[in-house]
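Peer 1: Each chain, written out:
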Amino acid sequence: MKSSTQSVDLSRRAFVINGALVMGFAMLPGIPRAFADTEVDTLGTAILAPDLPGSLRATPYLDAWIRIDAKDGITVYTGKVELGTGVKTALLQIAAERLEVSPGLIRFLTADTALTPNEGYTAGSHTIVDSGTALFNAAAQVRQLLLESAARQWQSNIDSLSTRDAVIHDGQGRSMTYVQAVVGVQLHRFASASSPFKPASSFTLIGQSLPRLDIPAKVSGGAAYVQDIRLPDMLHARVIRPPRRGSQLLDIDEAALNKLPGVVKLVRNGSYLAVVATDEWLAVKAMREGYAAARWTEGNPLPDSTHIHQLLTELPARRYPVSAKGHLTQPESRGYKARVTKQYLMHGSIGPSCAVAWFKDGTLTVWTHTQGVYPLRNGIAEMLGLPVQQVRCIHAEGSGCYGHNGADDAAADAALIAMALPGKPIRVQWMREQENLWEPYSSAMLAEVEAGLDDSGRLRVWKYELWSTPHNERIVNAGRLLPAWLLAKPFTPAPSVPIAQPEGDGDRNAVPLYEIPNLQVDLNFVLSMPFRTSAMRSLGAHINVFAIESTVDELAARATVDPVQFRRNHLSDPRARAVVDRVASAFRWPQKATGPGSGIGFAFARYKNIMGYCAIAVQLHVQRQTGQVTIDRVVAAVDVGQIVSPDGLLNQIQGGIVQSASWTLYERILYDASGLHSFDWSGYPIMRFPEVPKQVEIHMLDQPDQPFLGAAEIVQGPMAAALGNAIKDATGKRLLDLPLARRGWQDALGS
Amino acid sequence: MITLDINGKTHELDIPQDMPLLYALRNQVGLNGAKYGCGLGQCGACTVLVNDKPVFSCLTPCGALEGKSVRTVESLGSADKPGPLQKAFIDEQAAQCGYCIAGMIVRAQALLEANPHPDDDTIRRHMAPNLCRCGTHVRILAAIKSVIAQGAKV
Amino acid sequence: MKRKTIIGAVLALGVVGAGFALWMMWRPEIAAVSPPQSAGRESLDRGRRIVEAGDCAVCHTRPGGDYMAGGLPLITPFGTLFTTNITPDRETGIGKWSLPAFERAMREGIARDGHFLYPAFPYVHYRKLSDADIADAYAFLMSVDPVKYTAPDNHMVFPMNFRALVSFWNLLFLHGDPLEPLPDRSAQWNRGRYLVEGAGHCSSCHSPLNLIGGEKSSELFNGGIVDGWTAPSLRGMAEAQHPWNETQLVAYLTGKVAEDHGAAAGPMLPVSLSIAQLPAEDAQAIAHYILDLKQSSSVATSPPCPPVANSTAKALPGASLFDGACASCHGAAAPMRAIESRPALASTSAVMADSPRNLIQTVLQGIPMSTSDSSHYMPGFADSLDDTHLAAIAEYLRNESCPTRPWTDLDKTIKSIRAQE
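Residue numbers (UniProt numbering), protein chains in the order written: chain A, 1 to 751; chain B, 1 to 154; chain C, 1 to 421.
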C-alpha cells in the first residue's frame with residue numbers, strides 16, 4: 001500500500017502544562033472538533049466550571065452529587081462505575097469521610113443516566129482523580145452548609161459544632177440530624193472552588209482498608225452482575241454474527257429458524273441477525289442452527305500477521321509530533337538502536353459481554369456493563385432514531401473489562417432486539433467466540449528508538465517514532481457501535497482521533513521522564529486498519545515503557561553504570577526517586593539469585609508522566625531449552641498520592657503485575673489471511689496459576705494531603721519492562737518483540 | 001422430566017436432556033454462582049461439584065446427571081454465613097471483578113475436601129483450569145492457604 | 001575318579017557359570033570425569049536436534065518438573081519405573097559421565113557405575129545412532145542447566161527388581177549396529193528410517209510387545225498398546241480404508257490438526273511437540289518413511305465403512321449428550337469447525353479406528369492446554385460423564401462414521417480403561 005503520511009506541526013495537539021490547557025486546537029480538514037484530552041471525556045462533556053476540582057468542572061451542582069431528604073436519608077451519586085477495581089467502595093469512603101458519617105448511612109448510586117452525573121467514561125485510572133476529587137470536595141461543602149444551617153437555627157458559632165454519624169451536636173446537648181438541617185438549605189448550587197480543609201492526619205476512613213461492599217455476594221452466588229438480572233417474562237437472545245468484518249448476509253432460512261423449539265423471533269435487519277427464545281439454552285441451540293444456515297459474502301481480507309508491523313508503516317497515517325527539544329544529532333558510538341513490536345491483544349474478559357434491555361411505555365431501558373452510560377445512551381438513541389430522553393442506560397456490573405470491550409456493542413444488541421419485541425425484557429449474552437472475534441482489540445504497534453550518551457555517560461539524545469492504530473474508538477456516534485454496521489441502513493464510525501498529550505493515545509508514556517537534552521518523539525496514527533482497535537488498559541504505555549526501559553538498560557550497560565543508579569542519575573522528581581529507591585532497597589538490588597538461567601530486571605515509569613509512580617524489580621529464571629519463564633519474585637513500589645484504600649490499591653497493583661506478565665510473556669491474537677484464530681482460550685492462552693509469580697511484594701508510599709493520582713494501570717508498563725530486562729539479564733538476549741515467551745522463542749537463545 | 005439433586009434438594013425439571021447443567025442452574029433453578037465464561041471447558045467460571053468432583057457445568061448435559069449430587073458455591077455458605085473458603089476469600093478480599101471467584105471457590109473446595117494440606121505447587125496445578133483475568137491469583141492462593149493454615153474443615 | 005570328575009566338572013561348570021554370570025551381569029564402572037568444556041554452537045545445535053528426535057525430554061521431564069531432571073513414572077507390566085535425572089548435575093544427574101560412559105548407556109543400556117538400565121530406556125534403538133550423533137547429543141545434554149533432583153525409587157515386581165536380570169533380556173533383544181543408509185533408497189527415505197528406527201524409537205510403542213516386554217520383531221510397527229492408548233499400526237497407512245497422505249501425517253506429527261484425521265493426544269502428544277521442534281525436513285522424512293511401510297500380509301485389513309443413507313444416528317441417546325457436552329466445539333457450525341476447518345469427529349482416526357480405545361481415552365482425559373502458544377485443547381470428561389454416557393456418545397459417533405461396523409467392545413473397553421485410572 002502507498003504511504004500517505006502527513007505531517008502535523010506541534011500546535012495541532014493539545015498540550016497540558018501544569019494542569020492548564022495552554023494551546024488551542026488547529027484543525028486539519030476533516031478532523032472533527034471533538035478532540036478529547038482524556039479518554040474519559042471522549043463525549044466532550046461540557047466544562048461548565050473550569051476552576052472547580054475533579055468532575056465538578058462538568059457537573060458543578062452539589063445536588064448532582066449529594067442529596068439528603070427524609071425519605072432516603074443521604075444519597076450520594078457518582079457517574080463512575082464499578083469495573084471490579086473496588087472504586088465503588090473507595091468513592092463511598094471518600095464521601096463518608098468528608099460528610100463525616102459512617103459509610104453504612106449512605107445510599108450510594110453509580111452511573112445511571114436518569115440519576116447520576118455524567119462523568120463520561122470510567123477509564124484511564126481517572127475514577128478517584130475525577131469522581132473521588134469531586135466527592136471529596138462536594139461532601140465537605142455539603143457538610144459545611146449543613147453546619148451553617150444548624151448554626152443559623154441555633155444561633156450559635158459554627159466552630160462550636162461537631163458532627164457524628166449524620167447528626168450535628170453543639171456541645172450543649174442540642175443535636176440535629178442532617179435531614180433536619182438540610183431543610184432550608186439549597187443544595188442546587190454550584191460548588192465553590194475551595195472546600196473546608198481537613199488534615200489527612202484526622203481522616204478516619206480515607207487511608208483505611210474498608211472491606212469491599214460487593215465481595216460477600218460475589219463469593220456466595222448473590223446477584224451481582226448484569227448476567228444475573230432476571231426480569232418478569234424475560235426472553236433470551238443470541239446474536240448471529242457474520243464470519244468476518246465486511247461480510248454481508250446473502251440468505252438465511254428464516255422460516256426454519258422460527259420453527260425451532262422455543263424460538264419467539266428471528267430478528268433480521270440487513271446483515272444483523274439475532275434469535276430470541278423463551279429459554280436461554282433453546283436460544284443457544286437456535287443460534288447454532290442459524291450459524292449453520294446463514295450464507296454470507298466473503299468480507300474484508302485480513303493481512304498476514306507475519307508482516308503486520310511492516311504494514312503499519314505503509315498504511316495511511318497522520319503524523320503527530322509528540323515532543324521535541326534540543327537538537328537531534330546522530331548518536332555517537334555508544335548509541336543504541338532498537339525496533340520494538342507489539343501484537344494485537346484482547347481484553348479477554350472472563351464473562352462475555354451481556355446486556356438486558358426493555359422497551360416499555362415509550363422508554364428503552366438498558367442494563368449494561370459499559371464504562372460510560374451517557375455516551376452509550378447517545379449512541380443507542382442515534383442508532384434507533386429515538387430521542388435521547390427516551391433511552392435510559394443503567395450500569396450493572398459485568399466481568400472485568402480492562403477497557404473498551406464488547407460491553408457497549410452488547411448493549412446495542414439488546415437495544416435493537418428489545419425494539420423488535422416491545423414490552424418484553426430481553427437478555428442477550430455473547431458467546432465466548434463472539435467476544436473474542438468482535439471485541440475491539442488493543443492495537444499492534446511498532447516503536448523505533450535510537451538513543452545515545454554523552455562523554456560523561458549521561459543520556460544525550462533520544463529519537464523515538466511510533467506506529468499505531470487508534471486506542472480510543474469510544475462511542476461518540478452510533479457508528480462506533482458494532483451492531484450498527486450490520487443494519488440495512490448502516491452507520492459509519494466517527495473518524496478516529498487520538499487522545500492528546502499528556503494523557504496520550506498510542507503515545508501514552510512515549511516521552512521518557514528521564515532528563516534528556518535532545519529529544520524527538522513522533523506518533524504515526526494509522527487510520528486504516530484491519531481490525532477495530534480501542535482502549536485497553538494503559539493504551540500505548542505498555543509498549544512505550546517497555547521500549548524506553550529496555551533502551552535505558554542498554555544505555556546503562558554502555559555507560560557501565562548500574563541500571564538503577566543510571567535511572568536515579570536522570571530523574572529529578574524526588575517522588576520518582578523515592579519509588580526507585582524503595583524497590584532497590586527492598587529487593588536488595590543488585591543482589592541476584594544464583595542458579596542457572598536466573599536474572600533480575602528493573603523498570604520505572606510515572607503513568608502518563610502526570611499520574612501514579614511505579615518502580616518494579618523482577619527476579620526470574622529461564623529454562624533455556626524449553627523457554628519456560630518462572631517469575632520468582634516481584635517487588636514494586638507505588639506512589640499514587642493520597643491513598644484512599646491501601647488494600648484496594650494493593651489489589652490493583654498485584655492484579656496489574658499478573659495481567660501485564662500475561663500480556664508480556666504470552667499474549668497475541670493469531671490471524672492470517674484465512675481468518676482470526678484466537679476465538680477461544682486455546683487460541684488465545686493467558687497466564688494460569690502455575691505461571692503466576694511465586695512472590696509479590698508491594699510497597700505503598702502514601703502522600704497524605706496530596707492529590708489522588710489514580711492507580712489501576714500504573715504497573716502495566718513497568719512490569720512488562722522489568723520482565724524484558726530480567727530476561728536479558730538471565731539469557732544475554734535482548735528481546736524486543738512482544739510477547740516474549742511464546743513457544744519456540746528459546747530458539748533465539750541458541751543451545 | 002429430569003430429576004436433579006442440587007445442593008441437597010431434589011428438583012424435577014421439565015428440560016431437554018441435552019441442556020448443560022449451567023443453564024439449568026441459572027435459569028431453571030435460579031442460582032447465580034456458576035457463570036457462563038466460555039461454554040468450552042476452558043475457563044472454569046462454571047465450575048460445580050458433581051459427586052464431589054469439580055466439573056465444567058457448561059459441558060455437562062443434565063441428561064447425564066440423574067442419580068448424581070450437584071453442589072454449587074451456594075451450598076458452601078451465604079453472604080451472611082460464609083463457609084470457610086468463602087470467609088477466607090472475603091478476609092483476603094480475594095476478588096476484583098469477581099466473575100471467576102465462585103468457580104475458584106468451588107474448585108478449591110474439591111481440593112481441600114480430598115487433600116486438606118496441599119502444598120503451593122499442588123494448589124497451583126489443581127487450580128490451573130480456572131482463569132482469572134484481573135490477576136487476583138495471588139490473593140486467591142493466599143485465601144486457600146489461609147484455610148489450610150487454620151486447619152478449618154471445609 | 002568318576003566322582004572326582006563329576007565334582008571337578010561341577011566345580012569347573014560352577015566357575016565357568018559364575019564367570020559367565022559375572023560376565024553377563026556385571027559391568028565395570030567408567031571413571032568419573034569433570035564436566036566437559038562446553039562444545040561448539042554447531043555441535044550443540046545438532047545435539048539438540050538428536051535429543052528432540054529421541055524424545056528424551058518426553059520421559060525425562062516430569063509434569064511441572066525441571067527440564068531433563070527425570071521423575072516421570074513409567075508404568076510397565078513389571079512395576080513402576082521413575083525416569084532418571086539426565087541433567088549434568090554431578091551428584092544426582094549425569095555430570096560425572098564421560099562420553100564413553102554415555103555412549104555405553106546409549107548402545108548397551110549400562111549406567112556409568114556399571115548397573116544395568118531397564119529397557120524402558122530405548123537403548124535397543126539408540127544403539128542405531130551414529131557415533132557423531134551420540135557425541136552431539138552428549139554435548140547438548142552436558143550444556144543443559146544442572147538440576148539437583150533424585151527421582152523416587154522404582155517399584156519393580158520380583159524378580160525384575162534385580163537389574164542384573166536385564167542382561168538376559170539384552171541377550172535376546174540387544175543387537176544391531178548403527179544404521180547405514182541403503183544405497184538404493186532416497187536420502188529422504190534413509191533419513192526417515194534413521195529417525196524412525198533410531199532416535200525416534202517409534203516401534204517401542206507401535207509394535208506389539210511379548211511377555212517379557214520385548215518388541216515382537218516379526219510384528220514390527222504393527223501397532224501396540226501404551227499407557228492404555230492404542231498406538232496404531234504404522235503399516236499400510238497410505239492404503240488404509242481411511243488413508244493418510246504426507247501432508248496430513250506431517251501435520252499430525254508436528255502437533256497440528258491433520259485434515260480428516262485429527263490431532264495427537266495422549267502419549268503421542270508430547271512426541272508430536274518434540275518432532276515439531278525439528279527442522280521441517282525431518283518431520284517430512286519421518287512421514288515419508290512411515291507411509292512407505294507396507295501392510296504385513298498376515299494382518300487382515302478392516303472392511304470399509306460405507307456411508308448409510310438416512311442415518312439414524314441422531315435418534316440415539318448419545319446424540320443429545322453430544323449436543324450438550326461436545327457440540328460447542330464439534331458441532332457443524334462451531335468456530336473450531338467453521339474457522340479452523342477441523343474435521344467432523346465422525347471422520348477422525350479415533351472414531352474410524354477398529355477399537356474405541358483412543359476415542360474413550362481422549363474423552364476421559366482430554367488434551368492439555370498450553371500457555372505459551374495455541375493448542376488443540378480439549379477438556380477431560382472423566383468426572384462428568386459416567387460409563388453409560390461415554391458409551392452412548394461413542395456409539396453415536398461410531399454410528400455416524402461407520403454404521404455397518406459398530407464397536408462391540410465399548411463397555412468392556414471403557415471399564416478396562418477406567419480400571420487403570
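If you're looking for bench data, these hints aren't it; they were derived computationally from the structure.
Remember, it's a predicted structure, so these values are computed and weren't measured experimentally.
Beta carbons are placed, not taken as given, at the ideal position from N, Cα and C, and that holds for glycine.
Treat the hints with caution; some may be incorrect.
[What the hints assert, rightly or not] Calculated Cβ distances over 12 Å to all of chain B for the following chain C residues:
(1) Ala32
(2) Glu108
(3) Ala151
(4) Ser328
(5) Met369
(6) Thr371
[Claimed, not checked] So the derived label-pair ranges between C-beta atoms look like this:
(7) B/Gly8 to C/Ala419: 28 to 36 Å
(8) B/Ala114 to C/Ala315: 38 to 46 Å
(9) A/Asp253 to C/Asn210: 58 to 66 Å
Peer 1: Look at each hint and say if it fits the structure.
Peer 2: A quick look at each hint next to the structure:
With a least CB separation of 33 Å from chain B, alanine 32 of chain C remains clear of the 12 Å interface cut-off, as annotated. Every Cβ of chain B is farther than 12 Å from the Cβ of glutamate 108 of chain C; the closest lies at roughly 37 Å, confirming the non-interface assignment. For alanine 151 of chain C, the shortest C-beta to C-beta distance to chain B comes to about 16 Å, beyond the 12 Å cut-off, and the non-interface label holds. Residue placement check: serine 328 of chain C does not keep its beta carbon more than 12 Å from all beta carbons of chain B (closest about 5 Å).
The Cβ of methionine 369 of chain C does not lie farther than 12 Å from every Cβ of chain B; its closest approach is about 7 Å, which violates its non-interface assignment. Taking the minimum C-beta to C-beta distance to chain B, about 9 Å, the non-interface status of threonine 371 of chain C is violated against the 12 Å cut. Between glycine 8 of chain B and alanine 419 of chain C the CB atoms are about 31 Å apart, so this pair conforms to the stated range of 28 to 36 Å. Taking the beta carbon of each, alanine 114 of chain B and alanine 315 of chain C are about 40 Å apart, inside 38 to 46 Å as hinted.
A beta carbon spacing of about 60 Å between aspartate 253 of chain A and asparagine 210 of chain C agrees with the range 58 to 66 Å that was offered as a hint.
Against the hints set out earlier in the document, violations occur for numbers 4, 5 and 6.
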